[in-house]
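Q: The residues making up each chain are set out below.
2 protein chains.
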Amino acid sequence: MSQLTVALDMMGGDYGPPVTVPAAVQALSLLPELNLVLFGSQTELSPWLRRFRLASHTRVRVQFCSQQVGNEHKAAYALRHLTDSSMRRALDALASGQARACVSAGNTGALMAMAMKTLSTLPGVDRPALITRLPQTGGGHALLLDVGANLNCGAEQLVQFALMGEQAARHILNISHPRIALLNVGAEANKGNEAVREAGLRLQQVDALHYSGYIEGDDLFSGQADVVVCDGFVGNVALKTSEGVARLLLGQRQQRGFLSKILTFWLKKRLSHLNPDQYNGASLIGLRASVVKSHGSAGSPAFLNAILQAVSEIEHDLPASIAHRFDTAPRDSHAR
Amino acid sequence: MSQLTVALDMMGGDYGPPVTVPAAVQALSLLPELNLVLFGSQTELSPWLRRFRLASHTRVRVQFCSQQVGNEHKAAYALRHLTDSSMRRALDALASGQARACVSAGNTGALMAMAMKTLSTLPGVDRPALITRLPQTGGGHALLLDVGANLNCGAEQLVQFALMGEQAARHILNISHPRIALLNVGAEANKGNEAVREAGLRLQQVDALHYSGYIEGDDLFSGQADVVVCDGFVGNVALKTSEGVARLLLGQRQQRGFLSKILTFWLKKRLSHLNPDQYNGASLIGLRASVVKSHGSAGSPAFLNAILQAVSEIEHDLPASIAHRFDTAPRDSHAR
Chain A
1 MSQLTVALDM
11 MGGDYGPPVT
21 VPAAVQALSL
31 LPELNLVLFG
41 SQTELSPWLR
51 RFRLASHTRV
61 RVQFCSQQVG
71 NEHKAAYALR
81 HLTDSSMRRA
91 LDALASGQAR
101 ACVSAGNTGA
111 LMAMAMKTLS
121 TLPGVDRPAL
131 ITRLPQTGGG
141 HALLLDVGAN
151 LNCGAEQLVQ
161 FALMGEQAAR
171 HILNISHPRI
181 ALLNVGAEAN
191 KGNEAVREAG
201 LRLQQVDALH
211 YSGYIEGDDL
221 FSGQADVVVC
231 DGFVGNVALK
241 TSEGVARLLL
251 GQRQQRGFLS
261 KILTFWLKKR
271 LSHLNPDQYN
281 GASLIGLRAS
291 VVKSHGSAGS
301 PAFLNAILQA
311 VSEIEHDLPA
321 SIAHRFDTAP
331 RDSHAR
Chain B
1 MSQLTVALDM
11 MGGDYGPPVT
21 VPAAVQALSL
31 LPELNLVLFG
41 SQTELSPWLR
51 RFRLASHTRV
61 RVQFCSQQVG
71 NEHKAAYALR
81 HLTDSSMRRA
91 LDALASGQAR
101 ACVSAGNTGA
111 LMAMAMKTLS
121 TLPGVDRPAL
131 ITRLPQTGGG
141 HALLLDVGAN
151 LNCGAEQLVQ
161 FALMGEQAAR
171 HILNISHPRI
181 ALLNVGAEAN
191 KGNEAVREAG
201 LRLQQVDALH
211 YSGYIEGDDL
221 FSGQADVVVC
231 DGFVGNVALK
241 TSEGVARLLL
251 GQRQQRGFLS
261 KILTFWLKKR
271 LSHLNPDQYN
281 GASLIGLRAS
291 VVKSHGSAGS
301 PAFLNAILQA
311 VSEIEHDLPA
321 SIAHRFDTAP
331 RDSHAR
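Sequence order for the protein chains is A and B. Per the working numbering, numbering through the first sequence is continuous, rising by one, with the last residue being 336. Per the working numbering, numbering through the second sequence is continuous, rising by one, with the last residue being 336.
Bound conformation, chain A alone (with noise of 0.2 Å):
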């Protein structure tokens, strides 16, 4: 097969089959170079394959798996039982060269777990980190890491995410000098915990990097920083409230009447910036190969984006410029 193939995990998130194989269709058709493996549950997944021509196609290959990741599974007994399941499969196709990024719509600890074992983060990396797209005020994005792999993060981990961040925003968002922020709950020096403070005072030293300070929750969309870091917990919080605010807008309550409805639906396009279908795919990054993490509850077109993502990450070879910014940052600046 080519370089640009992607192995998915077919039966990941809410839906399985019924949502991954209609988008793997249209990523075939929309990008003539990708080649796709395809990992999942014969029975579940036979009937999808053949509704849409899958099996017969040419840059599709299939892999059957007798077991499945649940979101119910605890990552420590997915790694030790789950080695045949599609989420664990569809990562050793990336271990063994067969594909070079992967995507899976299944539960988020079980995927870090996993692919920390089979692929092994890069030099320098201690953790991988999920790093997600936010939309600015005035146009354009900058990405926020961690939204949820590592919950209690202390300064070195806060440090190494700025700089793997730095390298996405150069290659995804194509920012040649990304300004970097800590999200922190005050602006002044003494503010925060003790991690962000001494990741702030780690931040200064590294050579090259544009680190501009802390930044507020309410500065995530104002377009002051190109890359927020924060730990897991608070990033993954503060982007599911922002989903959550979105709705809270378009709550149902005062849709009756034609104004109304015309205002929601401009105020939905307006929201399409928050929209979990058009802004889905986390990824995993920090690792040997790229991992995207679709949304649990994707639809087809938000599954087709993180297929399109993990593309794009080949294409860049973001692991390879995180290992290059690792192997010339001087060593002090971000050693324990």
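These are calculated hints, taken from the structure and not from any lab test. Even glycine gets a Cβ: it sits at the ideal position worked out from N, Cα and C. Each hint should be verified, as a subset may be incorrect.
To be verified - Derived CB-CB ranges, DEER-like:
1. Gln204(B) <-> Thr58(A): 52 to 58 Å
2. Asn152(A) <-> Gly97(B): 29 to 35 Å
3. Asp126(A) <-> Pro123(B): 42 to 48 Å
Take the given structure of chain A and dock chain B to it, following the hints.
A: Frame of chain A; chain B shown alone:
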């Protein structure tokens, strides 16, 4: 003076007397029972008192102070050296029984430290928490705590916040059996960090508490809980992120043309939910008297709202309710 006396720090926040004096005047005219004790710098406050004829008002007492707490002051410094500041003197007035509640728009860290020193916490309460209201999709409100007073919280503190929040919901929101939830990164029992998981286990054991489990950021506004508990770092980021999303949606860029202006007006009305002018006044609860923290950037209407909130807390005697709850909750369920 009567029982309904509020002490006001006239110097706190970004504006001081130009904002606090008009708010005080309006509060006095709205509430014929209200008495105020005003604390501030003679030079800065006097011209405004003269302008609004407050100096000779029968329900007003003015006490001049020589110092002010700035945003740049660390809590420890303020505590030791700013003992004649308007903030400190207003809190002293609570401690001496001269007033029953206090309002300040000043530095949160200093306010917290000074309040703990002068008022001390209620028996069984380790640290006060900052609590605020959140609008809900179906109408009504929920309470969120802590929103910035305690950046690192263990399980014990989260449990205490739940008990305090329960009483606040009962008396401020008038909900007899409020549903209490913990803010987390997932709804499943195995999600979250250690403090949140341990707090969840302990809340299940608390007598007569309606604990409803974990809630995620996207449900902060969905009406699923009446009280949402988290540490102050997470709560602060969640609250400010929601303000940031509101601002993103009101971004100036798209306001050209007549229709766009009408739509933006409509949207602003809808967003008034999240307008700090209307939702101003987070309270520091768990202390022996009511301390209301106004937004630093509050204008007069917002500062007025904070005064009204202080009055409401006096009328409901929230400190007494919290004291009673901690007295009756079984010791082993919330003792460390």
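Q: Hint by hint, where does the structure go against what was stated? Just the numbers, ascending.
A: Checked against the structure, the only hint that fails is number 2, while the rest are satisfied.
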